[in-house]
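Let's have the full structure, built from the sequences with the hints guiding it.
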Amino acid sequence: MNPLPLLLTLSSLLFVLGLFAVLTRRNAILILVGIELMLNAANINFIAFWRYGSAEADLTGPLFVLFSIAIAAAEAAVGLAIILMVFRHTRSTDLNRLDSLHG
Amino acid sequence: MADALIPHLPCLLWLVPLLPLLAGAITAFMPNRMGRLASWLALGALLVSCAIAVAALACALAPVHEKAFRLETAYTWFSFGDVALKVGLVLDPLSAAMGAMVSFVAFWIFLYSTGYMKSEARFGRFFCFLSLFSGAMLLVVYSNSLLLLFMAWELVGLASYLLIGYYYEKPSAAAAAQKAFITTRIGDMAFFLGMIWLFGQTGTLLFFDHGRGLLETGVLGSLAGVTTVGGLTVSAAAALLLLVGAMGKSGQVPLHTWLPDAMEGPTPVSALIHAATMVAAGVFLVARTHPIFMNSGITGLPLTATAWIGGITALYAACVALGQNDIKRILAYSTVSQLGFMMVALGTGGVAAAMFHLIAHAFFKALLFLSAGSVIHGCHDEQDIRRMGGLARAMPKTFFAYAIGMMALAGFPFVFSGFWSKEAVLHSAETWPGGHGPFLLAATAALLTAFYMTRQAMLVFFGKPRNPGVTHPHESPPVILVPLFVLAAGAVLLALIGTPVWPWFEEWLKGERAVFNGLALTTPEALKLIGLSLALVTVGVTASWLVYRNPSGDSRAPDPLEHKLGAAWKFLGDGMRFDATYERFIIAPLVALARVVDGIERQLFVPLMALAEGLIKLVGRWTGNADEKGLNDGFNHVCSSLQGSADSASASQSGRPQAYLRAIGLGASVLLILYFWLIA
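Chains as they are written, first to last, in our numbering: chain X, 1 to 103; chain E, 1 to 680.
The reader is advised that the hints may include incorrect statements.
In silico DMTMM-like cross-links for lysine to aspartate or glutamate, where the CA-CA straight-line distance does not exceed 25 Å [claimed, not checked]:
id: 1; chain 1: E; residue 1: LYS617; chain 2: X; residue 2: ASP99
id: 2; chain 1: E; residue 1: LYS86; chain 2: X; residue 2: GLU56
id: 3; chain 1: E; residue 1: LYS464; chain 2: E; residue 2: ASP326
id: 4; chain 1: E; residue 1: LYS86; chain 2: X; residue 2: ASP58
Derived from the structure by calculation, the hints contain no laboratory data.
Written out as structure tokens, the structure is:
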């Protein structure tokens with residue numbers, strides 16, 4: 001049996017889970033976690049298409065994912081730093097209270 | 001029975017680490033009020049693991065095997081092009097003995113914790129972390145692949161971080177947790193580099209793989225044949241990197257500073273992780289990869305480095321332990337010192353001696369920590385030995401257990417395991433052809449060990465009670481006392497397996513049959529070493545007794561040694577100022593660098609931004625004025641009518657990114673649906 005559909009289901013579940021967290025959570029840190037989940041869902045897709053696709057010898061999938069993981073790490077560091085500064089500024093990580101840009 | 005079990009072992013062995021990990025995963029999702037259930041789950045999982053580990057030990061012991069027993073499994077985890085990464089478990093005398101010890105000691109510490117942590121708010125969480133730890137530690141022990149070992153190694157580091165920071169409300173505990181994590185990370189980095197190097201050179205990370213593994217002759221030979229930077233062979237360089245990793249985990253100088261601070265964690269954690277098992281992982285790593293250390297070319301640099309670092313650590317920590325007043329910090333430094341002993345044994349070629357000392361140490365040091373916990377519990381959370389005293393009468397059972405642990409650590413002759421294991425270490429160091437330095441360092445450290453342990457015992461259990469504030473120290477309940485007695489029995493009985501008369505453990509690790517030789521003790525060399533051990537213990541204990549036999553009744557009185565040592569006393573109390581040195585030469589420059597960057601930001605970029613802002617505002621105002629006068633009047637009518645609709649539009653600009661995201665998500669969904677609808 002070709003496991004590709006199963007993997008794609010897994011990654012879409014993960015993506016939806018992450019999206020749900022991003023849309024509904026109020027804590028900025030948990031939103032960052034949701035973003036990580038979505039990123040990893042994309043990574044799973046890369047690996048799955050590479051592994052069960054036609055060009056397995058090329059290693060394009062894993063290479064892409066390695067870059068994406070490195071960038072995700074950098075992004076998490078920057079994101080956490082921003083949240084930290086926001087927290088110092090407003091004593092809160094609740095995004096609903098950070099709406100000073102409203103119209 | 002053992003024969004019937006062996007075919008099933010490859011599967012059963014996986015259960016040993018997996019069951020506690022599973023229990024940890026389940027308890028992680030339990031709410032706080034189900035803490036009792038979580039603790040029973042953790043205990044049950046560990047009990048089954050322990051039973052399997054002991055059965056595995058029995059299999060490894062079964063006398064049917066002609067040569068050294070070894071059972072290895074390897075599965076391909078993933079392959080990458082034509083390179084495959086394999087993981088697996090291995091059961092050989094080393095991992096069988098270590099695994100049985102870890103699960104056995106951990107079980108009793110779990111049981112002790114159910115009593116000791118009874119009144120904690122996050123009781124279930126504690127057992128979740130403990131389960132995670134013991135599962136990961138058992139994986140370290142049984143792993144047949146350097147990669148799997150490294151992953152489990154990081155997991156125990158994580159569990160250690162979580163448990164040191166268990167009281168995370170306390171700033172000192174949070175800081176200690178971070179310190180432990182970051183300091184060991186320095187070592188882990190080296191470990192990782194060594195691992196990659198080995199993989200790059202050999203293409204395998206399995207220890208044993210039917211002749212193709214890292215620790216088997218073919219690969220060892222090819223590793224030792226390639227030279228690299230500084231004339232070292234690759235195996236020497238990789239071994240040195242692995243050694244740095246082991247130093248971080250096992251608290252060897254200069255990466256030891258996290259271990260005394262780790263005592264911020266609850267006492268059962270100190271007993272399990274920071275005394276008996278995790279800190280021994282570094283020693284275990286060196287013991288496991290010892291063939292690489294051995295076959296590292298003619299210089300033998302890795303072994304020499306191991307021996308010297310161990311010796312220096314042993315002596316350093318024994319000195320510092322003299323000047324400590326916190327009951328747990330004394331034990332922490334003594335752990336550092338004993339780990340140094342094990343490193344000395346490894347460096348001088350005595351793998352069996354190191355493992356014997358490791359296992360004996362696990363029993364008596366866990367016992368000492370748990371007794372210290374019982375003392376702290378009984379004295380209402382007092383940890384300063386200057387404010388204890390006379391507890392032998394109030395807590396006779398705890399005193400009994402503590403006394404056994406203390407005598408085992410100090411190396412009281414003949415019936416205690418510590419005497420024989422230390423003697424084995426000293427024997428290994430003395431017969432080392434590479435010089436007498438490590439031997440002298442270790443012997444001096446043994447003398448000091450007897451001294452500071454007697455000091456602690458005198459100050460805690462003898463003399464008059466010195467604490468006016470805390471009244472009525474009380475004996476602990478059975479759930480705390482029973483584990484103490486079990487471990488005390490272990491601390492004594494283990495003496496039987498490693499005496500020179502019947503060196504069963506050593507021969508078994510080497511894969512040979514032990515022969516009972518009643519005359520082994522009467523050879524001149526054995527007599528000389530035993531005489532030396534006896535002399536060291538006697539001198540240490542007597543000197544300490546002379547100094548501390550009449551402790552002052554005042555808890556604020558200076559220590560008797562303080563007069564004699566003066567400034568040196570303070571120096572010892574501060575751990576020879578390692579922390580202050582790091583603070584000054586590593587942390588301070590980094591802080592300064594951060595200040596400089598911050599200053600550049602504030603002094604250069606902020607004014608630049610302000611300038612740009614001013615310019616833009618100026619232009620804006622100018623164009624605004626032009627607009628106002630020249631154009632706006634005519635539009636004002638139109639605008640006021642537009643304003644109404646604009647207000648309602650601006651209400652949708654809530655300023656909340658999530659609201660925008662929701663709109664984007666909705667739009668994307670609509671587009672997707674449209675797209676599929678159109679192509680359908």
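Item to check | Numbers of the earlier hints that this structure fails to satisfy, in rising order | outcome: none
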